[in-house]
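Asker: For reference, the chains in residue letters:
4 protein chains.
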Amino acid sequence: MNSFGRLFKTQIFGESHGMGAGIVIDGCPAGIPITEETFEADLSRRRAGAKGTTPRKEADLPEIMSGVFEGKTTGAPITIFFRNMNTRSGDYANLVASPRPGHADYTGRVKYGGFNDYRGGGHFSARLTVGVVAAGVVAKQILKNVEITAKLTEAGGSTNIEHAVEKAMENLNSIGGIVECTVKGIPVGLGEPFWDSVESVLSHAVFAIPAIKGIEFGSGFQGSRMTGLENNDNIIDANGKTETNHAGGINGGITNGNDIVFRIAVKPTSSISIAQQTMNFEKGKVDELVIQGRHDACVALRVPPILEAITAITLTDLMLLEQKASRVYE
Amino acid sequence: MNSFGRLFKTQIFGESHGMGAGIVIDGCPAGIPITEETFEADLSRRRAGAKGTTPRKEADLPEIMSGVFEGKTTGAPITIFFRNMNTRSGDYANLVASPRPGHADYTGRVKYGGFNDYRGGGHFSARLTVGVVAAGVVAKQILKNVEITAKLTEAGGSTNIEHAVEKAMENLNSIGGIVECTVKGIPVGLGEPFWDSVESVLSHAVFAIPAIKGIEFGSGFQGSRMTGLENNDNIIDANGKTETNHAGGINGGITNGNDIVFRIAVKPTSSISIAQQTMNFEKGKVDELVIQGRHDACVALRVPPILEAITAITLTDLMLLEQKASRVYE
Amino acid sequence: MNSFGRLFKTQIFGESHGMGAGIVIDGCPAGIPITEETFEADLSRRRAGAKGTTPRKEADLPEIMSGVFEGKTTGAPITIFFRNMNTRSGDYANLVASPRPGHADYTGRVKYGGFNDYRGGGHFSARLTVGVVAAGVVAKQILKNVEITAKLTEAGGSTNIEHAVEKAMENLNSIGGIVECTVKGIPVGLGEPFWDSVESVLSHAVFAIPAIKGIEFGSGFQGSRMTGLENNDNIIDANGKTETNHAGGINGGITNGNDIVFRIAVKPTSSISIAQQTMNFEKGKVDELVIQGRHDACVALRVPPILEAITAITLTDLMLLEQKASRVYE
Amino acid sequence: MNSFGRLFKTQIFGESHGMGAGIVIDGCPAGIPITEETFEADLSRRRAGAKGTTPRKEADLPEIMSGVFEGKTTGAPITIFFRNMNTRSGDYANLVASPRPGHADYTGRVKYGGFNDYRGGGHFSARLTVGVVAAGVVAKQILKNVEITAKLTEAGGSTNIEHAVEKAMENLNSIGGIVECTVKGIPVGLGEPFWDSVESVLSHAVFAIPAIKGIEFGSGFQGSRMTGLENNDNIIDANGKTETNHAGGINGGITNGNDIVFRIAVKPTSSISIAQQTMNFEKGKVDELVIQGRHDACVALRVPPILEAITAITLTDLMLLEQKASRVYE
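Chains as they are written, first to last, in this note's numbering: chain Y, 2 to 331; chain V, 2 to 331; chain E, 2 to 331; chain U, 2 to 331.
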């Protein structure tokens, strides 16, 4: 379903080229100061604009539709909505017959019997992440002493990110990237031993972000090539501090008080301006497709604030579950 | 919590050195043939025994405690229990004071206020996966035309697995590995667009397996270094067959009918026989720890049947949700 | 939380005197025809207007904000919003100090640390049921061959409803009532044996309606005074038809194919114009309270369409769970 | 499904005439003292034995299979199992062809395609409540300062319970009853405003008990015949104490700190020794059925300890959700 979380629950809705995109946050503690302005910093980080991101610009003005009274959350569900302003739906007309390689056009059509809104990816669009960023802003206020930082560490396989993006744009092609996230200030004891390990719930949430195809915690895939002696983290004080952090802050699925560290693989944007081959369902044969519309050459550039939001949402839920955050904000 | 799934729900319980380990399967269709013998093949694959796995041997005899009548599932919850036979709890006495590096000893103690069963990792032990394998056997019967295969593709960073394991054993050390899973015969349309993408739910389940620290779908991390043109999979027929499978069978979080392919990183076993440094809470200072007990030199050797089971459980749930599997077996 | 359902999930939001009230429906099958007009008939039944209901009039114009494309549901979450037009918040100013007897003023304040929106009951208001009615309209389209009818059978303890209401109005007092709901055309086999019996899930949903304080199925409380021989329903054909229907269509928590019949007790509206005694938290002592604002003399008059909607929502979920309704509408 | 609760979750399993019946409690705080003896008092109250209850006697010896270490809960799932000792399955052979009026024989068969365990009602049996009583014992320890008392207030429509039961036995008939439950010591603020009102979750749980057909809170059905002035409870101190308690301790779905009071209607036991008419599926026509086996003349006699357990389980979950109970017992 389109909801996530057990105590801090987010329900997403909306479409890329419909009326807009939004989120309902259910279970948010009462008393958190929120105004439309609170969201601006993170929304502007997510917004397109840097070289290599789509020329479609959206103002992203949050409308708080419920759950806030006199500038503070009330404990009732908070609804935040972002109207779509800048849509050019005509761009997508030819995709009904010809599903784009790498997109949800084909899977969405089969799953929903052809009733899905195909314009701009519809409900599958990265447009939906605008609500997630808004929920992340609320979550961060609950995680007062926690610091979450995500950054793009490589793009197109290179650490010279700017250069890689420029080259992709020149070639009318696209590139992917790796984003690393570090969380400081998390208490020991979040997560649950079997099905709801911290890795389980974080990865569950992270793979909601369109274009993510991999995740690793701590030493991750590289750790699988190390020995136990190399990979184990010696515990060096009574608070559980470890000498190294190959576990990425998580042992047995439970936070150990050290930094949570994980990395995600962002695939190259599927929409590219180079002609591609795909099944044309109207003609009944494979044919050339040239994708119109406006696209990101490197969608990974926009992922860090979204990843921070997803992480904040997930950790807030774990903090409430473990009673490390309160139902009334103080 | 210790349960997973929405319509095919598994509730795990048990401890490494308690009475045993088990699972309750709730929501299983009625009419599936099940006897104690049905489980033997997969249990024996999981069981310790190959060179490099722990000398602790458990008979792993499944007791079907509920939900089966006259050799068939009834639609009521199925409980399967495995009694522990071969426990040497004395081995773990010194771990109360000295949490093992890389283990849940420290996190478990803090989370549960010191009341956790520390013997052999207690509820955090890989022993719990015996119930998961049993549930996987049931799930596979529901997934009649689906074929799930997991194999260890490298250990200790090498594809010469036998040699790598031997070397680790000689050194009293341990190694990790990479396990790849392929699923054939899955229909188009499983998974849900945002929070419950197929990657989300599969990774959620997979990170329940102890020692897993990474997962990637299709081209995964390598794909993040490719261009869009290279990574996109051209659709070449009306059933959605693609020329390549960099997406690992999943677009927009929804299965596209091609093979689901993913890889997981298994960390080197934390328990090694080499002396390590850790905080000694009794002495109040860092001290040397030598771990007693019987361990796997390469726990990844035992992961494939567990991973297949986890995958079968997850896909069964998705099949039931999408009404591609029936509530009464035919 | 403010959501209900497992496969057909409704997330409610909004306030009586805030921007409005709405609902997100997640898991709705694709292809269902929906326009703003579809909702009018049921909304007008719920709307105030008859003698004995509040003079506050709301236009109740549904805004479909997501999940519908070219007049049909897409399979993505459907959001329906109703803006509040006719609010007089000043009426509620004195209730901050003096919680109304029988209302959520006191409990809401304690639970949310004083941050709740108290105007008109805020999120506790019956205003929220407008979204429920809208969701019920969608649900009814999925339940094509099912007929749900609720009617007020008595008010103020009398079957002469009109007269009872008039008398209550004259006295500046209020009355309650009994509403009976009958469901025809439900297949055998909905519901689950233990925790999720049909009685369990229906009553769970029904007690979401403000002012409901009792529910009974079939012969209910009266049946507890009968003998087994009197109360048992003889089965008289191979489709499970019974001679009588004291079970209200449910045996062992599972529908038996006969009509589902249940009755609910609606308490008299708490807001009355007669002076009452309550704690005045400003003065620190019990004091007289005269409630301003516009109220229903008999809120039970408005319950039938809400109860039908709640029933439709619940049964749709059960039908999808049991695969008696499809994920794509045909 | 067969599980209930969000943070204190109970998963039920077992059959009347299979190996036994049990429960898994997931989310129980660590550190609660539990031994097999802890359960004895409540189990013996539930156990058959008084005049008017079934002559089938079960020892009801609890086996704690997981989650308890050195006499205390560990925070891991607790499994408690009760082996069936005294079964006479032959008694039920004729019920395959002839479903008993008022029972789940017919609905169970249709729902599970004939694969259900029909012996003694199988998974639908009141035998399953033995696990619920055990979970209630654990819950009560978490609810340290809360007092839950249920009592049978009438049987067969009469307050002279002993006499009514005797008369039913003489007639080979059965009778129902009314059970009232009172909860003292609950804090203000449990429950949630819309779908998860306290009435919603309590009734959801209560209707899991076989034979329950009605529930009312506070003045309930009688209250629907009162005026607002009569039914409203004046608040008389700063802790929310009310003069009367027609609300049954719940306003707007939230506890108000006064006693929670509710009553349930228990139908007369369906199994009676008088001949009844029912469809005989073997003969293809309605025929006489005489039920063999051992039955309760008044199953309501055994309901009070079960209702207390159900109430304790539900309130524990609400207490944990609202952070009024701790994850580690102190």
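Among the hints, a few may not be true.
Because identical chains cannot be distinguished in the list, a pair is counted as satisfied if it fits within a single copy or across any two copies.
Result set (BS3-like, lysine-lysine): computed pairs, CA atoms no more than 27 angstroms apart in a straight line [stated by the list, open to error]:
# : residue 1 : residue 2
1 : Lys284    : Lys152
2 : Lys145    : Lys185
3 : Lys242    : Lys286
4 : Lys284    : Lys168
5 : Lys145    : Lys58
6 : Lys284    : Lys242
7 : Lys284    : Lys52
8 : Lys286    : Lys185
Derived from the structure by calculation, the hints contain no laboratory data.
Asker: Look at each hint and say if it fits the structure.
Answerer: Hints and how they fare:
1. Taking the closest pair of Cα atoms, Lys284 and Lys152 never come within 27 angstroms of each other, the shortest separation being 44 angstroms inside a single copy and 41 angstroms across copies.
2. In the homo-oligomer, the alpha carbons of Lys145 and Lys185 lie at most 27 angstroms apart inside one protomer (11 angstroms), although the nearest pairing across protomers, at 37 angstroms, exceeds that limit.
3. Taking the shortest Cα distances, Lys242 and Lys286 sit within 27 angstroms of each other only across copies (13 angstroms), while inside one copy they are farther apart (60 angstroms).
4. Taking CA atoms no more than 27 angstroms apart as the test, Lys284 paired with Lys168 passes in neither setting, with 35 angstroms inside one copy and 59 angstroms between copies.
5. In the homo-oligomer, the alpha carbons of Lys145 and Lys58 never lie at most 27 angstroms apart, since the shortest distance is 32 angstroms inside one protomer and 43 angstroms across protomers.
6. Taking the closest pair of Cα atoms, Lys284 and Lys242 come within 27 angstroms of each other only across two copies (17 angstroms); inside a single copy the shortest separation is 63 angstroms, beyond that limit.
7. In this assembly of identical chains, the alpha carbons of Lys284 and Lys52 never lie at most 27 angstroms apart, being 37 angstroms within a copy and 57 angstroms across copies at closest.
8. Taking the shortest Cα distances, Lys286 and Lys185 sit within 27 angstroms of each other only across copies (25 angstroms), while inside one copy they are farther apart (53 angstroms).
Consistency with the previously given hints fails for numbers 1, 4, 5 and 7, ordered from lowest to highest.
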